[in-house]
Each structure stands twice: as structure tokens, then as C-alpha cells.
Amino acid sequence: MDVSNLDLKIWRGDANGGDFVSYRVPVREGMVVLDAVLWVQANMASDLAVRWNCKAAKCGSCSAEIQGFPRLMCKTPITDYRGQVTVGPMKAFPVIKDLVTDVSWNYEVNKQIPPFTPSEHDLTSSEPWRMQQQDVERVMEFRKCIECFLCQDVCHVLRAHELKTAFYGPRFMVRIASLEMHPKDVLDRRPLLKGKAGVGYCNVTKCCTEVCPEHIHITDNAIIPLKERMDDVYFDPVRSLVRRLGGGPKNRPAGGEQTTGH
Amino acid sequence: MSAAGYETVETDVLILGAGGAGLRAAIAAADSGAKVLVICKSLLGKAHTVMAEGGVAAAMHNVAYQDSWEVHFADTMKGGKLINDWRMAEIHAKESPERVLELERWGAVFDRTWQGRIHQRPFGAHTYPRLAHIGDRTGLELLRTLQDRAVHTNGVDVHMEVTVFKLLKTDGRVAGALAYRRADGSLILYRCAALVLASGGAGKMYRVTSNSWESTGDGTALAYDTGAQLRDMEMVQFHPTGMVWPAGVRGILVTEGVRGEGGVLRNKDGERFMEGYDRERMELSSRDVVARAINSEVLAGRGSPHGGAFLDITHRKPDFIKSKLPSMYEQFLKLANVDITKQPMEVAPTIHYAMGGVRVDPETGAGTVPGLYAAGEVASGLHGANRLGGNSLSDLLVFGKRAGDAAGAFAKAYSAAAIRAVLDQSDIDRAIAELVAPLDRPAGDNPYKLQAEIQEVMSAHAPIVRDRAGLEAGLAKILELAERSRKCGTGGSGSRAFNPGWHTAYDLRSLLINAEALLRSALERKESRGAHARSDHPKTEDELTSINYVVAKTPDGMHVIAERRPPMPDYLAQVVQHSYARYTPEETE
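For the record, the sequence lines run as chains X and V.
Once you know that position 129 of the first sequence is 129 in the working numbering, the rest is easy, because the numbers rise by one and skip nothing.
Once you know that position 33 of the second sequence is 33 in the working numbering, the rest is easy, because the numbers rise by one and skip nothing.
Isolated chain X (complex conformation) (with noise of 0.2 angstroms):
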């Protein structure tokens, strides 16, 4: 065991402020930041308010600003800090407690992303499914998501302008891309793209696929081809023309406000 000692600061507090306390963990061979906070809860302040659960990144419970980086305290050791680390809670979220944030607002988008739909051919049939392999490998891309919220908190359309009632945010673009990109889904969530779930706020910065542990490409293979879907629909100009030229049923599709104004 090493017996060097780490310098961990920790933001202590809750809605109505707080600060960093530094506290001195002895610093054990392999020990992950999650590691260093659990001890300080176990040895020095047992009122220390944290999300944690699987302890091997499988979870996405324990997501916090490691000086200043959204990431996964399980998954980050403390050898990549020299002997002084500061932790914070997510910022994009109202704090409850020290490290603990009120992450219900994800919960509320998700109920309103329409759930899997397949045809009703598909859902009467009696015999299994049938898709192969390539088919699936592209939404399973998706379903790797273990919900930490990262990329929500590094969002700065979520983050910075707190647009939060006009965006759902990566998180919420890769479940629609895991949806839409189904082979077996049939729903059109085009409409919703445009309006209340709003990709078009998303000016494709790529600070989520920055900051996501699964490693899933957000912006290049959920957002990007999500924004391509729904202007295809609506911002074509060939198709747009031929709807001004009284071809199509409205001016335009059923949806929300235009929203590309980045």
C-alpha cells in the first residue's frame, strides 16, 4: 500500500451554496476518485451526500465534475491528478446535496419520447423475429447508454443557456436514434425531432461524444443523422418548392417552431 496521501477536494453544500473542503486520503495502488470520496464518507464526513452504485461504470450513478470534467468517479483514477483532485456536483442539474443532483427532469423527457412501436403485422405475428446482425449493430451503438447524464451536464444548449424546455439533449437524441434507427420500429418521431424534442438546437460542438464512457459517437452517428431526417422533411428546398406550389397538404408538416438559430 502506498502511503502518500491524496488532497481531495470535495463541494460540499446544497440549493442555497457551499464550497470546497479539502480532505487528506491515503492514497491505496489503483484507487478510482470514487474510491477517495467513499473513504472520506466511511472516515471523515459521514454525511457526505453521493450517488453510487455498480462501482464498474455499468450503472452511470456516479457522474461529477472531476476538475471541472464531467465524468464517471468509478472510472477515473487518481493517478491521472498529481496528488490534488477537486470534485463537484454536475452543473447543469439543480444540486440537492454536495455531490448529489436533481436529475428528474431526464426522467420526464424520457416519458415523453413515444416508446418502440412495430407494425402490427410484426406484433400479431406468432413466429420470432427475424433481423440480423448488421441491422441491429447500429441502434445497439445506442443501447449502450447508461444513463449518467454527462452528456446532458457538458451540453451547453442545456448547460450554458439552460434551454431546457426547448431541447431534450444528446441523452434523449441517442434514445430517439435507438428508436428511429430500430429495424422494426415504424413510428415517425420526425415531428417531435423538430418541435418539442428540438435537434435543431444541437450546432454539432460534439463535447457529449467528448464526455461519454460508453464511447458513443452522439453527434456523428445519432444527432447528425437525426437533423438529416427531419430536414429532409422540412427544409428540403426541392420539396419545399413543391409544396409552395400547392403540391403538398400544409406549407408545412404538423410540428413545433423552427429552432435552427445557431
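By construction, these hints were calculated from the structure, which means they are not laboratory data.
The beta-carbon is built from N, C-alpha and C at its ideal position, and this holds for glycine as well.
If the Cβ cut is set under 7 angstroms, some of the chain V residues that face chain X in the computed set are:
1. Gly-45
2. Val-50
3. Gly-107
4. Val-109
5. Asp-148
6. His-152
7. Ala-183
8. Pro-246
9. Gly-248
10. Ile-252
11. Tyr-448
12. Thr-490
13. Ser-493
14. Phe-498
15. Gly-501
With chain X's structure known, arrange chain V on it following the hints.
Relative to chain X, chain V alone:
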């Protein structure tokens, strides 16, 4: 007494736990027309089900056409060393294919065969390739599918980060529960017509475990406390392959899928030592055998540098490993700085699963107290003395649905007035007073320290191989710790706002009931069988094959009763005999 007020919430069916079993039960109960409320200790979608990696066992015969429910049934019974509830094993083997296919129709995406069917991989002690899987993150796929289905099912509501600390009864039936919210410590009184326990296991009794902080055996403790019987509590599974190094990650699971995909175990001399323990099945022997084999190698001085064995899959192509075991690749690279495509992993047994739990009716999951149901790890019977890999995901689908169906029907049989039945106010006041007491003891023992002591006792006195002296000494220590825990504090803070010290003080009570039940049952079972190995009784005793040890609460404390199981009907007995005749694993020990 600082027993403050509480909010009252009414529902038809109350479900404790939002893992696979709880969510499957919620969907079933809501489909039957009941109003359902799911309570979970953490956030939704974080349950321990996500840790299940290898797959879900179901005899769909997509890969091996010879597979059938009979073979799956026989494998499960043989793996459980025949003390399983045979009716549960039969139902499980028959219904799991349907439950898996249903999951696919709800949006789950499994790996495929070249024909486009659900692919199935080989796994320990399953005769044929049987585990439907998604790489090595099957549990996450299953949980996310159920989660999305549940939140989009009418009549299902979820209360997150709420912990139940007391079940309430009226007229001898379970009629509600008391709970606190983690965020602010406020109290809730739930009134219900039926209650389903789906709260998982108690791995936190041990120091080295693959389980999370939540797995403190709350469900078994609550059931016991309310007068329901527990069963097979001596049977806890050591998963053979947990990470051993570095110290910080000790106990984290290494999926059996590694061995399923061809990984081999070696000792420090490079010997493939499973040859000496189960030459037929080698690395894919049942978990109890592999765990004891690794343990024996280490005790004989042939262990790896950090006290385990080497698990090697480097003979497979790097691309194959990365596609079949992506999260293992990532886990070792990030946490141990080991590239598993080039180097062997170091592994050792880790506490993983409780085969024992609440005694349930095989058809409905009903406990021995009316209105109480249990499904998943918290229930007992299906797995007997040892669980096969992959059988827990199918367990929670099959019996989650059955418990949900039955609880929904039970709730329907009671009028709305029954939900508002009179509850014993003194019971409520006493439970609340007990819960909040640690907040008023600033100088009381630190609950984290007590938890660590419980873990030390269990690790030392109820290890892979047990004996009477050790178990008795362990029991004495656990009873003493129970005494101290009744007077413990929170570690300092008297605040109710998200105070994990306070939460841990309550968790101790659950852990101690589970620990006591384990030790007492282990003392009673004077033989070695499955996960329960005793150095002072090394043989498996034939006459104990029909015996289960049942734990019950009596006015003078915890009692363990030996109970005889009804014999298997002929058609099932023949299936098992046929399986033994065709193929008998030689477990040399």
C-alpha cells in the same frame, strides 16, 4: 421522540425494487388493471440487474436444436444439487423462452445468429448454448427495455430514492409500508392491497462482493420481520471470477462470458487446473465448483501474485474479444491497465448472489404472509444450492411476471376500502422512532465502522469453506454487533437531508438479520452441497437432498426448521435421471 408526520400514498400494488423482477412485476400487475407504485432505493435504471453481463438462459434452441425445456430443467436441478423447488425449476424452464421473445417485442435488441434469430452462447453447466445475450451487457438491455415499457404503461408510477423500513399488517395480511425519502428524510406511509418484494440480495454482508451499496438484504429482513418465512439462507454464491487487483476494484465482476467464449483458467505454474476438479466441463463447470477450485489452488500456494488465478482469453483474436466482451475489455484496460487481448486477467471468487431468500409459492410468488409476494433474487427456491449463470435474468422475467399477475389479482379481490384498513398506530410510531433514533445519538458508534465489522465477521466466519467452530464464533460476533447496532449513531450529523450515515444505520439492521439467518442455517446443514461447503462435513448426505432449512421469527428469536420437500413427480424425476445417465459431471474433490 422525534416521530414527525408522514404523507400517506395509496395504491393497489406496491412494488419494492425497480430491477428486472420489480419492473416485470409492475408491468404485469398494471396489465391486470391494478394501480401500481414502484419504489426504488436508487434512481430508476440503476438497479443491480445492469451488472448481469453474460445473458439470459432460455431453451429457445436457436443454436443447439437438441435443447429443450427438459434439458434446461435438468441442468438447473443438477446445478442446484437437487434441493431446488422443482416446480419453480419446471415453470422457469418452460416459460423463459416466451419471456425473452416478449422482451424482443418490447424493443430489446439481442445479438443474432446468421439466420437472424436470437443468438445463444454457451455458459457454465448449461448442456447447450442457451444464453441470449447482447455482447456482455445483457442486463442493461433487459433493464432498459423493461424500464421504458414500465414508464409507458398506464397505471405505473415510480418513486425514486425512497427506502422502505417497515412493512405494516392488518388482519394478518400485509397492507402497507413505511418509507423515507433519501433527499430530505421525509416520511411516507404507503397503503396497498398487495406488496411485491423485488429488492435483490445481500452481498454487502461481505467485504469482497460484486454487489452495490444497495444490496443489504432489505427484502428478506422486512419479510422476516413481518413474520414471513425465509428459506435456504445458507446458500450464497461466490462467483468464481471477480477482479482481484488493484485493491480498489477487488470484487468487481468478470463475466462468465469470458469462459463461455473460450477463456481458460491457469494457476501460477501455468497449469490448466480445472482438469483436476471437473475434467468434463473444465472452466464451464458450475460456479460453486470453479470458485472452490480457485480457492483450493490459492490455499495450496499455486495462486497468482494477488491471491487468485489467471483467466486467459488471449488465444482469441483481438477483434473477437472486443466484439464479444466489449465492457470487459474496457473495464480491465481502464481499471487495471491490463489489455485482455494480450495479457491474462487475474481473478478470484467474489460474493455475487443469494440463492436463499423469501419462501414463496412456486406458482404465484406468494410469501407465507397473505398479501406479500417476492420475485427475483430476494425470493428462494429456483436455484437451490447453486445458481447457474444466466438463470437469474430468466428467473426475474418469469417470476416477476407471475408475482405481478398474482399481486394484481389479489389486489382486485380486495375492495378499495381494504386499502384504507386500520393500521396499528403504535406499530407505526415505534418503527419511526427506531428509524430516527440514530439522528439523536451524535456520540453513537459510526455505522460505516459497524458495517465494516459485519463484513469482516462474515468474510472470516462464513467463507467458501466453512466449519462449525467458525460459524458458531461468527454467530456470537454477529449477535454482539446487533446489540451495538441498536445503539449506533449516524457518524455525527443529525440532519435528515441526504445523510448516507443515517441510511447506513438502517441498512445495518437488514444486514444483521441476513447474516444471522445465514450463519444459523449453515450450522444446521451438516453436509457439503453446492455453495455450502463444510470442512467438518465434506460429504453430500443423501438424506438431506429432500431437506430445506426454513428460517422463521418466533417470540424467542430466530428459529431454523428442517423441512421436507414433497418428492418430484415421476415425469420430472425421469428427466433428471435421464440427464444423469447421459452425462454425469465428475466433480472430484
